[in-house]
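Q: Generate coordinates for the entire structure from the input sequences, incorporating the hints supplied.
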Amino acid sequence: MAPTPVNDLTPAGNLGPATALVCRECGHRRELGAFYACEECFGPLEIEYDFGGLTRADIESGPANIWRYRGLLPVPANVADTPNTEPGLTRLVRADNLAEALGLQRLWVKDDSGNPTHSFKDRVVAVALAAARELGFKVLACPSTGNLANAVAAAAARAGIRSAVFVPSNLEQQKIITTAVYGGTFVTVDGNYDDVNRLASEIAGEQEDWAFVNVNVRPYYAEGSKTLGYEIAEQLGWRLPDQIVVPVASGSQLTKIDKAFQELIKLGFVEDKPYRVFGAQAEGCGPVSAAFKAGHDVVRPVKPDTIAKSLAIGNPADGPYVLDVVRRTGGAVEDVTDAQVVDGIRLLARTEGIFGETAGGVTVSVLKKLIDDGRLDPSAETVIINSGDGLKTLDAVSPVVAPSANIAPSLAAFRAAGLA
Amino acid sequence: MSTVSVRIPTILRTYTGGESEVKAEGATLRAVIADLEASHTGIAARILDDNGKIRRFVNVYVGDEDVRFADGLDTATPAGAQVSIIPAVAGG
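As you go down the protein sequences, you meet chains A and B in turn. For reference, each letter of the first sequence is one residue, going 1 to 420 in UniProt numbering. For reference, each letter of the second sequence is one residue, going 1 to 92 in UniProt numbering.
To be clear, the hints were calculated from the coordinates, so they are not data collected in a lab. Each hint should be verified, as a subset may be incorrect.
What the hints assert, rightly or not - List time: in silico SDA-like cross-link candidates among lysine to any residue, alpha-carbon distance up to 25 Å: (1) B:K53 with A:H28; (2) B:K23 with B:E65; (3) B:K23 with A:E206; (4) B:K23 with A:H28; (5) A:K293 with B:F69; (6) A:K273 with A:E48.
A: Shown next, in the form of structure tokens:
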């Protein structure tokens with residue numbers, strides 16, 4: 001007989017089109033609730049849906065944020081009525097200059113630095129907050145590499161509930177400040193992200209009314225990343241791109257973009273066509289890339305050492321599923337050095353006026369590497385994700401960018417500097 | 001005998017009568033899990049797969065060390081050690 005978890009909170013409230021939780025590993029199925037790991041095998045639980053008669057018109061008539069896709073998410077139909085940060089519908093930028101620099105014909109940058117706390121994490125947190133409310137949680141919490149910390153602290157402030165955020169103490173100062181400013185309980189931990197993640201899992205086992213968004217509410221939280229996929233398709237005029245390059249930390253974002261594309265195909269909202277998904281990691285924390293290159297279907301954890309701290313997850317929960325997606329679609333996972341990360345940030349900024357964080361630098365440089373190696377088709381329509389804002393990782397570029405000159409406030413000084 | 005403390009994740013607490021921490025005996029993780037099974041029948045099959053290996057989505061720590069970075073099931077568990085069993089499906 002299957003044992004029943006002892007931490008049942010209230011029965012699931014209104015979770016919209018969501019119908020059940022299913023284990024990705026063993027297929028064990030259970031009712032919706034505050035569960036995140038399969039009681040049989042510890043595998044991750046995935047949300048199943050009944051989308052009913054949802055149409056593209058339903059989406060197009062919705063609000064100009066992720067809630068236009070509420071009919072595809074585990075949230076109540078009136079989710080937009082409760083205070084939230086209203087993330088999403090960020091720019092999809094036609095990147096002709098970057099495309100030309102790299103030898104591509106058509107390239108788009110999905111610039112998710114435009115979210116309320118300047119990263120894609122506002123999407124997942126908004127969905128987690130809505131689900132946590134329905135599941136009866138009282139506190140919004142997380143372990144984070146920084147961007148999630150910002151998003152949780154801000155969303156909890158806006159919702160008027162307590163937050164509890166845990167980050168590695170060596171995090172970029174910008175991300176410490178941009179979390180602390182929102183108030184709430186904010187703890188720096190002397191350890192790397194994987195240590196903080198472990199601590200959060202243990203705390204989650206003790207504090208039953210704390211929703212650790214990416215731990216005990218993870219099945220709901222992760223669904224928020226699907227909205228990146230929905231938006232890309234809708235902004236392309238309800239089409240899928242041919243190729244997409246996505247940064248990989250836990251791997252959740254990449255797998256959920258693929259899930260979104262598959263759902264849109266099944267719903268008949270986009271044409272069913274092949275697309276290839278590529279994953280981008282930093283060499284100093286590239287466990288999924290290493291597994292891909294070695295032909296493994298499991299991911300051996302590593303100890304991270306990279307400036308791309310938002311991607312510095314040495315034991316990525318969704319790593320095996322990233323491998324599944326890139327292999328199924330004919331993509332790849334590649335990694336780049338920290339120097340290439342910095343080059344990528346500068347290239348994106350100089351060609352498109354978009355200042356990405358280190359994860360964006362990883363993605364741009366992996367794109368370049370894949371093109372140079374002939375693994376990405378330069379004639380195929382390509383999308384890359386810029387998942388966060390360069391203002392949060394100033395340390396990465398501060399040694400290599402500077403003003404052109406410092407001059408006295410006189411025309412003579414300007415002329416003397418040779419800047420005309 | 002080497003007695004250690006084992007932290008039990010929420011989804012395994014039905015096997016331990018709701019206890020979040022239990023004592024077990026054993027000089028290696030393998031022996032500790034066998035002793036856990038003797039006291040809490042059924043728990044080992046949740047932690048280990050059919051081949052007797054630690055399941056893909058379970059992280060086990062002895063002290064601060066992930067046993068995948070140490071000697072896996074052969075990792076030494078000295079007296080007084082803290083063993084933690086944690087679902088891997090988290091983070092990021």
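Q: Decide, hint by hint, whether the structure agrees.
A: Status of the hints after comparison with the structure:
This hinted pair checks out: B:K53 and A:H28 have alpha carbons roughly 20 Å apart, not beyond 25 Å. With a CA separation close to 19 Å, the supplied pair B:K23 and B:E65 stays within the 25 Å bound. For the given pair, B:K23 sits about 18 Å from A:E206 by alpha-carbon distance, which is consistent with the 25 Å threshold. Of the supplied pair hints, the one linking B:K23 and A:H28 is violated, its CA atoms being roughly 30 Å apart against a limit of 25 Å.
Restraint check: the Cα-Cα separation between A:K293 and B:F69 comes to about 21 Å, which is no more than 25 Å; the hinted pair holds. Only pairs whose Cα atoms come within 25 Å are accepted, and A:K273 paired with A:E48 is accepted, the gap being roughly 23 Å.
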